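Produce the entire structure from the sequences given, and follow the hints as far as they go.
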Amino acid sequence: MSETVNDTKARFEAFIQESYPDADIAPGSVLSELLIKLSAVVHNETYTEIQALSQVDSVEAALASTTDTFSPAIDKFASNYLTVRSQGKKSAGKLKVYVARNRAYQVRANTTFTQPALNLNYLATVDYNVSPNPEDDELQLYTVGDQYFFILPVEAAEAGTQYQVSNKTKFTLATGSNIVEFVSAEAYGNFTSGLAIETDKELIARIKSGLSNKGLLSPISIESNLQARDLSVQSLSIVGAGDEEMKRSKENDFNISTLGMADVYVRTSRGPETVTVTVNATKTGTGTWELELTDEAPGFYRIVSIFPPNSNLVGSLEIAQEAYGYSTEGYDRTNTVKSAQEARFTRYQTCSVEFVYAESPLLNIGDQMEVEVTVSYQPNIGELQSIFVEDEERIACADYLVKAVVPCFVSLNLMIYKKYATDTIPTDKIKQDIFNYINTIPFGDDLHVSKIIDICHNYSVKRVDLPVTINGEILGTDGSVVSITNTDTLQIPTDLDKGISKNTTQFFIDYYKPDGDGINLIDNIGIEVL
Amino acid sequence: MAISNVSTDYSNRKRDIHILQGVKATQMGKAKITPSFGKISNYCAGVQKLVQRYTISFFTIAGSQDHFAEFGTSFLQKISSARRNMTKEEIGHLFNFANAKIITEFKQYQADNPDQPLDEQIAKATLLNASALGDTLNLDIKIITLAGDVVEFLLPLPETL
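Chains as they are written, first to last, in the numbering used here: chain D, 1 to 530; chain W, 1001 to 1161.
Since the hints were made in silico from the structure, they are not lab data.
Keep in mind that the hints are not guaranteed to be accurate.
What the hints assert, rightly or not - Within a straight-line C-alpha distance of at most 30 Å, the following computed DSSO-like cross-link-like pairs (lysine-lysine) qualify:
no.	chain 1	residue 1	chain 2	residue 2
1	D	Lys-419	W	Lys-1124
2	W	Lys-1101	D	Lys-429
3	D	Lys-462	D	Lys-208
4	W	Lys-1078	D	Lys-168
5	D	Lys-419	W	Lys-1078
6	W	Lys-1107	D	Lys-429
7	W	Lys-1088	D	Lys-418
8	W	Lys-1124	D	Lys-462
As the list claims (entries may be wrong) - Looking from chain D toward chain W, a few residues come up when the C-beta cut is under 7 Å (computed):
no.	residue
9	Asp-22
10	Pro-27
11	Gly-28
12	Ala-421
Computed from a predicted model, the values in this text were never measured in an experiment.
Glycine included, every Cβ here is placed at the ideal spot set by N, Cα and C.
Pasting the structure below:
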């Protein structure tokens, strides 16, 4: 079993006290600061590696292991089935980097930014030149008022699911990295999901599913088929004949189910993801504009913000009205969709938006301008739907409608007590573990507070203050928001009129959330240490 | 002020490695202390050990130890970034914040380990003076132990930290 560095330190202290009782290992002593702590850091890595390696010399041992293992023996076994361990995926995104002056800048490859509270690092992968008048591959330096910024693509320093941060998360330059006249940086949109290196258990499970049939017939075969593609399918749930959630097949005069229809709820991102699309908006009145979203971000959840391009406005333009509809035009083959609610979170969803913007200089009614619309969404919904309707793969007598999973956005606050005043509680690691736990709860499972407490106790805390209140907000297919809260077990309710049930809905959690004004970010996984 | 009844008898006492050269319990007046290796190794105990522990805890930059980010204070970081523009009062202000953290931690440890000799337990620490000499900032610190011993010492901080 792995142990923390503090645990290793405690082991060393116990050993020294027993073997050399005259040695003083109090905090601040040379023995503690220059011997024990340094030895604990070095030894902990070796200890953890030995524990992991010693647990796995067979498939049975890998499956029985209580920790994540990465055994070369399992790699060799998997190769017999032409299966290779996934090395994971690095979360990627963009940073809005503010600088002090209107001039050219250079960002060297491996310039690293750090999120100090989460202790996560991201870096530029290539050299970039930034200029107010860019050429070719140079990045644009934007000027808005007395502020200067550029948008820099970055990726996480390592593969892993915990690196997915949200829009406006603050960053600083890491020690050793430098950008001349750097002022500040923040995430520009949510980052994409990352993936950890595949563990032995996950690899063995994939071998099993790899041996299965991959036709689009049963839930298992559909899952095998979709996960074999590079479309980031994390989990899926099929709602079909006989399931109470299946309403599409009952839309007839007799209200009885006609067979041949199924709804495929998919999750393609670990944490909440966003995408920014450029759309033409049309002026419809004084200070009033309209735009239409169709296939720019298929099945998106909601609009996060609307900005004129290259704007540094604090807070989105005011959205006066959103009207969701549907359209099956423009597709060679479509599914049976008869209402906006049925189309919600699918590729057939459309949205007409009216927003307020006092442009300068003034334009005429009917004039158009480009705006940047950021939406929260599940990636690849359109691509996944195409698989089910294309000639090569589709089940000819069936109508599979792909929907983004109904989201339940979760937030919580914890108060943790240290054993000793000199202890360091790694709140960044606790947040990452909570992030991974909640974002990987499978369909049908509940969110347990006891599991959150368990996560905290992996890090040698004295206690966690109870009760821990967990709040959830579910975005229904009718556009309404259902609030749930519990101090023990958070369960997805059943409200079929809103498309909500354990078979259609999953939990999401982000590190940060907008404050009441929607301008600044506050902790969504709040941890206070006493 | 010198400490009376000094002994090199370490029996029944826990010992640490002595690296802060200059703290001499028998010396009258202030002693300048600097950390250094290379001299003949010796142990320390008693008030000498306490002064060493205090100094190490106070001047370790918080966050500089991997996996032990809470240990230390931010005193050196704040001093080094703005030293030339700081007044004695501002330095004292920063000292008080950092000192309060260390005293709290030491007293917590003393409460959990009550069998420590009284002259190895801290009661109070005070900054008596902060003076600049060339590129060096000298901090004049006084420590009082629970046994009533009083130790004054000078810590020189070079400009480049």
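Each hint tested on the structure:
For the suggested pair D:Lys-419 and W:Lys-1124, the alpha carbons sit about 24 Å apart, so the restraint of at most 30 Å is met. With a CA separation close to 24 Å, the supplied pair W:Lys-1101 and D:Lys-429 stays within the 30 Å bound. Between D:Lys-462 and D:Lys-208 the alpha-carbon distance is near 42 Å, which puts this suggested pair outside the 30 Å criterion. Proposed proximity of W:Lys-1078 and D:Lys-168 is supported: the alpha carbons are some 28 Å apart, at most 30 Å.
Taking the CA atoms of D:Lys-419 and W:Lys-1078, the gap is about 28 Å. The hint holds against a cut of 30 Å. This hinted pair checks out: W:Lys-1107 and D:Lys-429 have alpha carbons roughly 29 Å apart, not beyond 30 Å. Straight-line distance between C-alpha atoms of W:Lys-1088 and D:Lys-418 comes to about 35 Å, which puts the hinted pair past the 30 Å bound. Our distance criterion of 30 Å between C-alpha atoms is met by W:Lys-1124 and D:Lys-462, whose separation comes to about 28 Å.
Taking 7 Å as the C-beta contact cut-off toward chain W, the hint placing D:Asp-22 at the interface holds, the least distance being around 6 Å. Among the interface hints, the one on D:Pro-27 holds; its C-beta lies about 6 Å from the nearest C-beta in chain W, closer than the 7 Å criterion. The interface hint given for D:Gly-28 holds, since its Cβ lies 4 Å from the closest Cβ of chain W, which is under the 7 Å cut-off. Restraint check, D:Ala-421 versus chain W: the minimum CB separation of about 4 Å is within 7 Å; hint holds.
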